[in-house]
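**Student:** Single-letter residue listing:
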Amino acid sequence: MLDQIHWLAAVTVLGVLEQAYFLLQVIYARRLFGISPPKTSGPPEFERIFRAQVNSSEYFPIFLAVLWQAGLFFHQGLAAALGLLYLYARYCYFMGYKASSSERLAPIYFSAGVLWILIAVSALGILCFFLSHYVGLNIFQRLTA
Amino acid sequence: MLDQIHWLAAVTVLGVLEQAYFLLQVIYARRLFGISPPKTSGPPEFERIFRAQVNSSEYFPIFLAVLWQAGLFFHQGLAAALGLLYLYARYCYFMGYKASSSERLAPIYFSAGVLWILIAVSALGILCFFLSHYVGLNIFQRLTA
Amino acid sequence: MLDQIHWLAAVTVLGVLEQAYFLLQVIYARRLFGISPPKTSGPPEFERIFRAQVNSSEYFPIFLAVLWQAGLFFHQGLAAALGLLYLYARYCYFMGYKASSSERLAPIYFSAGVLWILIAVSALGILCFFLSHYVGLNIFQRLTA
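Protein chains in written order, with the working numbering: chain A, 4 to 148; chain B, 4 to 148; chain C, 4 to 148.
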C-alpha cells in the first residue's frame, strides 16, 4: 500500500518543512520589529510577513486534501510533481510578499493556478472511479483502446 | 481500497471547492471596500465576510479529520452524508454572516451539531475496532445477533 | 488495513476534541469580556486566549500531517505516543498563555520539539522506504543483522 503514497508522503513532509520555515520567519520578524504576542499588528514590513504566513497556513489543508485525492484517484507522480510546483510557488509568494505587497501577486496567481489543476485532476480521477465503479464505464481504457 | 474512500474523497473535493468559493468572496469584498492586503480591518460588512472565511478555514481540517475517521471506522455512506450536511450548513453560515452577525448563529449551531455527530460516530467506530481487535468483542455482531 | 492506523485515528479524534475545547474557551472568553464577532481585539486577557486558539489551529494540520506520515512509514505506536505528548504540550501551552504571555513559552518550545521529532521520524521512515523500494537497500534489516 505504501508504494501508492510514498511520493505524496514525501511532498507532504516537504510542505510541513516549508510551513515551519514560514513560522520561523514570523518569529524572527517579531523579534526584529519588537512585536510580542499576542499582538499581530505593527509596521507594514511585519504585517506583510505575518499575513504571508497566515495565508500559506490557510491554504495548507486545502493543498494537502487535493494533493492526496489527485494522487490516489488519478496519478501519484503527476500529483507529487504538481505538489512540488505549488510549494515552489508558495516560497516565491512568501519572499515576494516580504519585499512588497505587489510582488506577492504573480506567485499567488501561479500557486492558485496549480491548485486549480490539482482540484481538476482530483475531480476527474474521482469521477472516473465513480463511472467505472457504478456504471462499469472505463474512460481511460476507452481512450487508449 | 479506493472503493472504501471514494465518497469521502468526493465530499473532500466538494469541501475544497467551498473553501475556494469563500476565499474568492473575500477577494471580491477586498476590491469592493478597497481594503488591500495585508490590511484585514475595515467596515463591519467587510469584517463579517473576512471572519466568516477565517472561521470556515479553521474548521476545515477538523471537519476533514472526523469525516475520514467516521468513514473509515464506522460507515462511509453515513460519514459522506453528514459531510454534505456540514458543507451545506457552512454555506448557510457564510451567507448569513455576510448579511448580519446574528444570521450566522442558527447555521453555526447546526454545523457544530453535525460536527459533534461526526466526532461521536468516529469515536464509536474507533472504540468498536479497539474492542474487537484487543478484547475480541464484536459489538455490532452482538447487537444484530 | 485499519489495524495499521487505529492508534493514529484515536489520537486524531483526541486532537479534534482538544481543538473543540480551545474553540469553546474562546466563545466563553467572548461572552466574559463582551466581545462580539466579528471583533477579535480586546483586553490582553481575551487576546491571549484568542491567539492561543488561533496558534493551535494553525499547527493542527501540520501536526496531523506528520503524525500520519510517521505512523505509516516508521512506527504507529511511536507516532501515536509522540502525538499524545504533543496534545498534552498544546494543552499546557493554552493554559499557560491564558495565565500570561511568558507562561506560554516553556510548553510551546516543548511542543515544537515534539513536532520536530515527528518530522524527523516521518522523513527517516519515508527515506528508508525510498531506499528499500528503489535501491533495494533495507537499512533496518542491516542494522539488526
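Hints in this document: simulated from the structure, not taken from any laboratory.
Only a predicted model underlies this, so the values are computations on that prediction, with no experimental measurement involved.
One or more of the hints may lead you astray.
The list cannot tell twin chains apart, which means a pair is met if one copy fits it or any two copies do.
[What the hints assert, rightly or not] Straight-line Cα separation of at most 25 angstroms, DMTMM-like style, residue types lysine to aspartate or glutamate; simulated pairs:
hint, residue 1, residue 2
1, LYS101, ASP6
2, LYS42, ASP6
3, LYS42, GLU61
4, LYS101, GLU61
**Student:** Would you mind marking each hint as holding or not holding in the structure?
**Tutor:** Here is how each hint holds up against the structure:
{"no.": "1", "hint": "LYS101 - ASP6", "result": "neither (38 angstroms within a copy, 44 angstroms between copies)"}
{"no.": "2", "hint": "LYS42 - ASP6", "result": "neither (45 angstroms within a copy, 44 angstroms between copies)"}
{"no.": "3", "hint": "LYS42 - GLU61", "result": "both (19 angstroms within a copy, 16 angstroms between copies)"}
{"no.": "4", "hint": "LYS101 - GLU61", "result": "both (18 angstroms within a copy, 20 angstroms between copies)"}
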